[in-house]
Amino acid sequence: MGGSTLTNDSQALILFGHGARDARWAEPFERLRQMLATARPELHVALAYLELMSPSLPDAVAAAAAAGCREVTVVPMFLGQGGHVRRDLPALIDTCRAAHPELALRCVTAVGEDSGVLAALAAYCLQQVVAG
Numbered sequence: 001m002g003g004s005t006l007t008n009d010s011q012a013l014i015l016f017g018h019g020a021r022d023a024r025w026a027e028p029f030e031r032l033r034q035m036l037a038t039a040r041p042e043l044h045v046a047l048a049y050l051e052l053m054s055p056s057l058p059d060a061v062a063a064a065a066a067a068g069c070r071e072v073t074v075v076p077m078f079l080g081q082g083g084h085v086r087r088d089l090p091a092l093i094d095t096c097r098a099a100h101p102e103l104a105l106r107c108v109t110a111v112g113e114d115s116g117v118l119a120a121l122a123a124y125c126l127q128q129v130v131a132g
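Here the sequence shown stands for residues 1 to 132, numbered as in the UniProt record's numbering.
Please keep in mind that the hints were generated in silico from the structure rather than gathered at the bench.
Hints are not guaranteed to be accurate.
[To be verified] Distance ranges between label pairs, derived from CB positions: (1) G83 to D114: 17 to 23 Å; (2) R70 to V129: 42 to 48 Å; (3) A99 to Q127: 42 to 48 Å; (4) Q128 to E102: 45 to 51 Å; (5) P90 to V117: 28 to 34 Å; (6) G80 to L32: 35 to 41 Å; (7) P58 to Q128: 36 to 42 Å; (8) D114 to D88: 17 to 23 Å; (9) A122 to R86: 21 to 27 Å; (10) A122 to M35: 39 to 45 Å.
Cβ coordinates follow ideal geometry from the N, Cα and C atoms, glycine included.
Turn these sequences into a full structure, and let the hints guide you.
Right, here's the structure in full:
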């Protein structure tokens, strides 16, 4: 679940989702991961999950470090800043930082907090309305 050949200055992008019992739930995330990896082949792009699926965030961060990445950006694939994003994710980030102090590890806001993402969702919703 990664990019191409990595150097010591390589960057990783980890898409962090909730996880689900049904493996099909993750298919859009895998398609997004593939799109990102194709757009930026030098970037190590991986998925990680809070629960019910693997890899976990600590495992994905460890894999990025083992692949030679020095910078890791975690993108929470959540529409809002609920308990998982406000409480569980910071604790996981702290665990990852403690395990890998050599990494520059940052976590950005949940995708649903971005105005561009909301605009894309609004456009999609409006496209679904049939003009009467």
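Quick rundown of the hints versus the structure:
no., hint, result
1, G83 to D114: 17 to 23 Å, "holds (20 Å)"
2, R70 to V129: 42 to 48 Å, "holds (46 Å)"
3, A99 to Q127: 42 to 48 Å, "holds (44 Å)"
4, Q128 to E102: 45 to 51 Å, "holds (47 Å)"
5, P90 to V117: 28 to 34 Å, "violated (21 Å)"
6, G80 to L32: 35 to 41 Å, "violated (18 Å)"
7, P58 to Q128: 36 to 42 Å, "holds (38 Å)"
8, D114 to D88: 17 to 23 Å, "holds (20 Å)"
9, A122 to R86: 21 to 27 Å, "holds (24 Å)"
10, A122 to M35: 39 to 45 Å, "violated (21 Å)"
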